[in-house]
Amino acid sequence: MTETLILAFDLLLALALVVTAWLAVDGRGPGRAVVLYIIFGFLMVLVWMRLDAPDLALAEAALGTGVTAVLLIELLARLRVNDRE
Amino acid sequence: MIVSERLLALLMLLFVAFAVSVLLDLPAPGLAAAVRGRLAESGVTSEVTAVLLNFRALDTLLEAVVLVAAAVGALLLAPVGPHLGGGPAPAPLLGWLGPRLLPLAAVLAIYLWWAGSARPGGAFQAGAVLAGAVLLRALAHHRAVRPDRLAVGLLLVAGPLAFLTVAVAAAAGGAPLLRYPAGWAGTLIVALEGGVALSVGAALALLAAGGRSAR
Amino acid sequence: MNGAIYGVVGIVLFAIGLYALFVRPHVLHKLIAGNVAVSGVFLVLLRSGHGAPDPVSQAMVLTGIVVAVAITGFAAALLVRMARVTGRATLGRSSGP
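Protein chains in written order, with this note's numbering: chain A, 1 to 85; chain B, 1 to 215; chain C, 1 to 97.
Where hints are given, some of them may not hold.
Unchecked claim - Quick partial rundown of chain C residues pointing at chain A, CB under 7 Å, derived from the structure:
(1) Ala4
(2) Ile5
(3) Leu18
(4) Pro53
(5) Leu62
(6) Thr63
(7) Gly64
(8) Ile71
(9) Ala83
Unchecked claim - To be clear about the criterion: a stretch of chain C counts as covered by chain A if any three or more of its residues have a C-beta under 8 Å from a C-beta of chain A, and this derived list gives those stretches:
(10) 6 to 17
(11) 28 to 36
(12) 72 to 82
Said to hold, decoys possible - Pulled a few chain A residues facing chain C out of the computed Cβ check, cut under 8 Å:
(13) Met1
(14) Val19
(15) Leu23
(16) Gly27
(17) Pro30
(18) Met44
(19) Val45
(20) Leu46
(21) Ala69
(22) Arg78
Source of the hints: derived by calculation from the structure; they are not laboratory data.
Virtual Cβ for every residue (Gly too), placed ideally from N, Cα, C.
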């Protein structure tokens, strides 16, 4: 029973990863892409935990998702400022 | 244009089918036994830290250099002036919270740094937490992080500098590059991780919110 | 068995990222697509048969995550400069805003 549940969780997480990744790069607006990529990063943290790699989960949460989110949001803001000028 | 997009999509589908069929036949990576066999000599009990800071320490040295190089490169392109580019002034809550989170983040970073030799954690995670706190502070004051002061520059190169010191000291003693003297591995790894954490923190903060002075 | 799921997901993510990197004109989409492709590579590197994954693979992926962030930061700085010089945030022949 537990194994079936874990398999279901893995399949669901896999599906969520692929769908979020696709939506993030489907070309419908950069702001939307940034938000979806941040969600994708959080899903990656879950994947590293599932694969028994807590070191990577920590690094992904702090660097891959945390710092990258700041970088992307800032890039978005700067590109928008640039558009207005 | 549409035709080439379709062609590319088709190529990608073919690639996925081919790569999946190959992947299922590949053996799993198998260096775990080798790492476990010599873990006792590495000076730490965490396998990942043993690989990063001892068995493959040269990779980590170069990784720290890559981070510093990226930060310097981004700084050369950064806007001139004391303020962060784009966006309105921050909300009052952030102004209150930003500076007060710094000590908390410092405690968390020190824990991650210390935990790295035995448990999940380590220099890069600690550095990222430090950078996050510095970034919040920069946002709260709406000021760019600037490398004008010597201290910021020294923090930035702390990691590569510590690594190079150890490497040169080992080489001067006749040992291969970055081989730690017997009995000192644990201490040296903790010290090196401290340097790398400071370096990572400074580099990430400069990458995300760096600004140049007019000089 | 379950480890293989994430290996396959890694390949699919790499393909999605590479496709979008070529096709999407906006630079932010290109940057995010590159990051998605890199995440796919990490998943393939870390695939494990059973139990905890290989420590050497973990160290390689950890290095990769840090380098990916460094590249994203440097790329962001370059793209801001590019947008300032050319006046648009897209690449390719299609005339963007």
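Going down the list of hints, with the structure as the test:
no.	hint	verdict
1	Ala4	violated (10 Å)
2	Ile5	holds (5 Å)
3	Leu18	violated (10 Å)
4	Pro53	holds (6 Å)
5	Leu62	holds (5 Å)
6	Thr63	violated (10 Å)
7	Gly64	violated (10 Å)
8	Ile71	violated (10 Å)
9	Ala83	holds (5 Å)
10	6 to 17	holds (count 7)
11	28 to 36	holds (count 7)
12	72 to 82	holds (count 5)
13	Met1	violated (16 Å)
14	Val19	violated (10 Å)
15	Leu23	violated (10 Å)
16	Gly27	holds (5 Å)
17	Pro30	holds (4 Å)
18	Met44	holds (6 Å)
19	Val45	violated (11 Å)
20	Leu46	violated (11 Å)
21	Ala69	violated (10 Å)
22	Arg78	holds (5 Å)
Hints 1, 3, 6, 7, 8, 13, 14, 15, 19, 20, 21 from the list above are not met by this structure, while the remaining hints are.
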